[in-house]
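Asker: Using the hints, position chain C against chain Z.
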Amino acid sequence: MYGRLPIVKMLLVTIALTVVISAVMVPINWNGQGASTAAPKIDHLLNVMIVLSSFVFSLVMVMLFYALWKFKAKPGDESDGEPIHGNTRLEIAWTLIPTIIVLFAGGYSWKVLDDLEHKDPHHLTVSVFSQQYAWSFAYPGKDYAYSQGELHVPVGEQVQFKMHAMDVIHSFWVPEWRIKKDNVPGITTTAIVTPDKVGTYQLVCTELCGFGHATMRAKVVVEPKSKFEKWVEGLDQELPEPYMDVLKEGSVTNAPDLGAGGA
Amino acid sequence: MVDAIKRPGWWRGLLGAIAFGAFGFGLVIVLRKISGLDPYQTEQTGYPHVIVPAITAPLGFLAGFGCFDYWLRWAAGMPTIPDDHSQHGAKSWKDYFKFNTDHKVIGVQYVVTTFIFFFIGGMMAMLIRAELAQPGTQIVEASTYNSLFSTHAVLMIFVFVIPVFAGLANYVLPLMIGAPDMAFPRLNALSFWMLPLAGILFIGSFLCPGGAFDAGWTGYAPLSTGAPLGQSFFNLGVQFAGASSIATALNFLVTIITMRAPGMTFWRMPLLVWANLSTSLLVVAATPFIAGVQFMVLFDRALHTNFFDFAAGGDVISYQHIFWFYSHPAVYIMMLPGFGIVSEVISTHARKPIFGYRLMALALIGIVVLSYSVWAHHMFVAGMFSWLRVPMMLTTLLIAVPTGIKIFSWLGTLYFGKIHTYSTAMLFALAFIVTFTIGGISGVMLGMVPIDIHVSDTYFIVAHIHFVLFGGSVFTIFAGVYHWFPKMTGRMYDEKLGRVHFWGTLIGTWGTFIPMHWVGMDGMPRRVADYAEQFGNWNLLISCFAFMLGAIQLVFVYNMIVSWRFGPKADGNPWRANSIEWQVSSPPPIFNFDEIPRVVGGPYEYGIPGAKHAIMAGEGAEVPAGEKSVVGSSS
Chain Z
173 MYGRLPIVKM
183 LLVTIALTVV
193 ISAVMVPINW
203 NGQGASTAAP
213 KIDHLLNVMI
223 VLSSFVFSLV
233 MVMLFYALWK
243 FKAKPGDESD
253 GEPIHGNTRL
263 EIAWTLIPTI
273 IVLFAGGYSW
283 KVLDDLEHKD
293 PHHLTVSVFS
303 QQYAWSFAYP
313 GKDYAYSQGE
323 LHVPVGEQVQ
333 FKMHAMDVIH
343 SFWVPEWRIK
353 KDNVPGITTT
363 AIVTPDKVGT
373 YQLVCTELCG
383 FGHATMRAKV
393 VVEPKSKFEK
403 WVEGLDQELP
413 EPYMDVLKEG
423 SVTNAPDLGA
433 GGA
Chain C
454 MVDAIKRPGW
464 WRGLLGAIAF
474 GAFGFGLVIV
484 LRKISGLDPY
494 QTEQTGYPHV
504 IVPAITAPLG
514 FLAGFGCFDY
524 WLRWAAGMPT
534 IPDDHSQHGA
544 KSWKDYFKFN
554 TDHKVIGVQY
564 VVTTFIFFFI
574 GGMMAMLIRA
584 ELAQPGTQIV
594 EASTYNSLFS
604 THAVLMIFVF
614 VIPVFAGLAN
624 YVLPLMIGAP
634 DMAFPRLNAL
644 SFWMLPLAGI
654 LFIGSFLCPG
664 GAFDAGWTGY
674 APLSTGAPLG
684 QSFFNLGVQF
694 AGASSIATAL
704 NFLVTIITMR
714 APGMTFWRMP
724 LLVWANLSTS
734 LLVVAATPFI
744 AGVQFMVLFD
754 RALHTNFFDF
764 AAGGDVISYQ
774 HIFWFYSHPA
784 VYIMMLPGFG
794 IVSEVISTHA
804 RKPIFGYRLM
814 ALALIGIVVL
824 SYSVWAHHMF
834 VAGMFSWLRV
844 PMMLTTLLIA
854 VPTGIKIFSW
864 LGTLYFGKIH
874 TYSTAMLFAL
884 AFIVTFTIGG
894 ISGVMLGMVP
904 IDIHVSDTYF
914 IVAHIHFVLF
924 GGSVFTIFAG
934 VYHWFPKMTG
944 RMYDEKLGRV
954 HFWGTLIGTW
964 GTFIPMHWVG
974 MDGMPRRVAD
984 YAEQFGNWNL
994 LISCFAFMLG
1004 AIQLVFVYNM
1014 IVSWRFGPKA
1024 DGNPWRANSI
1034 EWQVSSPPPI
1044 FNFDEIPRVV
1054 GGPYEYGIPG
1064 AKHAIMAGEG
1074 AEVPAGEKSV
1084 VGSSS
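The listed protein sequences derive, respectively, from chains Z and C.
Counting from 1 along the first sequence, just add 172 to a position and that's the residue number in this note's numbering.
Counting from 1 along the second sequence, just add 453 to a position and that's the residue number in this note's numbering.
Because the hints were derived from the structure by calculation, they are not lab data.
Note that this is a predicted model, so its numbers are computed, not measured.
Worth double-checking, as some hints may not be accurate.
To be verified - Listed next, with one range per pair, are the computed distances between beta-carbon atoms: (1) LEU183/Z - MET945/C: 38 to 44 Å; (2) VAL707/C - VAL180/Z: 48 to 54 Å; (3) THR297/Z - SER771/C: 25 to 31 Å; (4) GLU594/C - ASP249/Z: 57 to 63 Å; (5) THR271/Z - ILE960/C: 31 to 37 Å; (6) ASP983/C - GLN320/Z: 19 to 25 Å.
Claimed, not checked - SDA-like mimics (lysine to any residue), calculated; alpha carbons at most 25 Å apart, straight line: (7) LYS459/C - GLY530/C; (8) LYS244/Z - GLY669/C; (9) LYS246/Z - LYS949/C; (10) LYS397/Z - LEU296/Z; (11) LYS1022/C - THR362/Z; (12) LYS397/Z - ILE359/Z; (13) LYS334/Z - SER771/C.
As the list claims (entries may be wrong) - Over 10 Å on every C-beta distance to chain Z, these chain C residues come out as not near it, computed from the model: (14) LYS459; (15) ALA475; (16) LEU525; (17) PHE659; (18) PRO662; (19) GLY745; (20) LEU994; (21) LEU1007.
Ideal Cβ positions, reconstructed from N, Cα and C, are used throughout, including at glycine.
So that you can see chain Z by itself, here it is in the shape it has in the complex (with noise of 0.2 Å):
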């Protein structure tokens, strides 16, 4: 009705640019390297959604970048656009499309999510304890093995964090195994990892949590299970009374001082 737009030209460019930017994007290791299972779950959905995004990103520059080559006034053109007011059919297509496109988003990332926490019968359970600028960690056993900022995992067993706070909330964060954890007072959180590369790494605060955040580090070693065992072994700390106390009683919530201000 009023010309035809070029719209089988503007598709071809489209997926063309698509595949560009996909495959400049997808080899590039956004995440970092990865050290667990999570890891080449979370990084094959970010790049199913990196080829998505480069598909919607691509149409919208080339219906914008079209219009404007093509529909630029002239100088000194004073009349105005043809009046269309829409196009229902249009308008239906960019509404039920993208629709389609994000739920199917969502039901994928809901599939990595459960496997992602799934639960392993065979599993060992270690304690983390984090307060202002500083975490620990206990290991199961006759007294609970104590370790104050260093952290030993066996490789190729999950593993499920059992997190608490003792002052304000922490968040538990290995970027090599995908995973994060705020750890919040008054309640035990859950985090599960599968280490699966022998190393070292680093734990980050990532929950702002006072002046000492950006230095609240703690060093993570993932090593062969006889190593471990070894390691735990030799822990001689005793676990403070604080942190027995909150093992003890499930969560800081039922620590006998509900004393006025509580503060």
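Answerer: Relative to chain Z, chain C alone:
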């Protein structure tokens, strides 16, 4: 002098602030003395002798300044002073520093004040980037750094982005719907004057022992409940900014619903009006939540209530639920008015009706409804009930649909139009589409739980919020300021300088915020003054672009100030736009219209021979010749 103190104004305001402040201070001291307590309680979170005056002094200022005069006389049964319109309109620059009930004066007051806070917040951003240019700590120590980014965010959100939109809409919205003013002009003035008080409380917290509030703009408990005195100033500042915002939203709602010119049906309202209607619906229902939760924190701090004290049975995570129940809708409060601005600018400069106008309006309403059901996507790793994550993820992803509708409809508007890019406003509107698309894409990624688990609380988040709030909201704010500058000042700005500002801002935004995505995914957490060596080079690059982005804003300031004073005179309708505000002189007459216009068609009827949006006073009902014949000749 005595006379000056009797009349409402700065002297009486100052006196009110001192008197009310002294009363609050005295009350605390006396009551504590009577109770046998130490009159000065200076524990970390205490300081009642500071907190109470920090509440009463601003109220005393407002009372003294004259914000309540009319209502108080009426409430007390005294004869009210008949309004002689001496507080309406500005005859000289001095009138902008007074209590004024004219929506146009208030609009200018809002925009100028909020931009001052924008530049103060921007200076803080420069300090932050200076510190982050290298690993290690060089410029500021960690706790000052925490104060800086907290105050930066709070100034930008609460006293820049949210109120600057209220200011722009204050100016143009009543004109657009053919109303002589807002529905409640005195309430409107009160809303404005609460705003600088909020800003002063935020910035004033730097004077507190222990420094300014440093628990982030999110102020998560229990970090905030145990923080030094500055945190209380944040709790209180939010009350003033929030009250201002709620009152303005009510004002917009009543104005839009009841004061539209005859013939302006809902489906004839410009999209800016739709956008502010939607925003106001969000503000009135959501803002009380942040006001409430900040009071809860203040009570925990000052009165030893136990809302968030885990040791006494408080629930730490409930803070985040209440906070985000406001603060997620708040991101749409900071974006929907911008959508409205972009619709006006693009339609005008593409000389085309908005593509799919009704769907555009419905998309706004869709966003309003959905935005109340997505808040917990900020809490995927917070340790909340795990089953809440999947439904929140799905609603979060679905909100991309109405947002996508808007993007595609703006693009559709460009097709078969006559696109003019001479105006800086149009450049910002077009660039907004690009940057906001990227911000939207990273938003969808963040909405997906597995990806969020990895990048939550990293620089990826910082990149995302700045892409949507700077590349999104601030770009639309610039578009709006440039677009209505001729209307507000009666002068044209310099398009050449506008272009320099535009390109500098665009390059600066991309250069600053794109690499932040990368360092975030690669492992750099947010809110840190110090970081691992491996991120050094990228951060240096980010800082360089940030300084360039900061410096280029000076071109904007220069352009605005000099053009306002010396720019060439603007005529009523320099962009040849259809909506009503352009059919009156620039600046508009003091009471907007001699006669209320009659609306006879849609707001974007470009390209339709003889079509009109509104018939102004003095125009016949017939299709006027003159101006519209140009339109007719196009087809």
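Asker: Now look at each hint and say whether the structure bears it out.
Answerer: Now the hints, each set against the structure:
| no. | hint | result |
| --- | --- | --- |
| 1 | LEU183/Z - MET945/C: 38 to 44 Å | 42 Å, holds |
| 2 | VAL707/C - VAL180/Z: 48 to 54 Å | 51 Å, holds |
| 3 | THR297/Z - SER771/C: 25 to 31 Å | 28 Å, holds |
| 4 | GLU594/C - ASP249/Z: 57 to 63 Å | 59 Å, holds |
| 5 | THR271/Z - ILE960/C: 31 to 37 Å | 35 Å, holds |
| 6 | ASP983/C - GLN320/Z: 19 to 25 Å | 22 Å, holds |
| 7 | LYS459/C - GLY530/C | 20 Å, holds |
| 8 | LYS244/Z - GLY669/C | 45 Å, violated |
| 9 | LYS246/Z - LYS949/C | 19 Å, holds |
| 10 | LYS397/Z - LEU296/Z | 11 Å, holds |
| 11 | LYS1022/C - THR362/Z | 66 Å, violated |
| 12 | LYS397/Z - ILE359/Z | 30 Å, violated |
| 13 | LYS334/Z - SER771/C | 21 Å, holds |
| 14 | LYS459 | 47 Å, holds |
| 15 | ALA475 | 29 Å, holds |
| 16 | LEU525 | 39 Å, holds |
| 17 | PHE659 | 16 Å, holds |
| 18 | PRO662 | 15 Å, holds |
| 19 | GLY745 | 20 Å, holds |
| 20 | LEU994 | 17 Å, holds |
| 21 | LEU1007 | 29 Å, holds |
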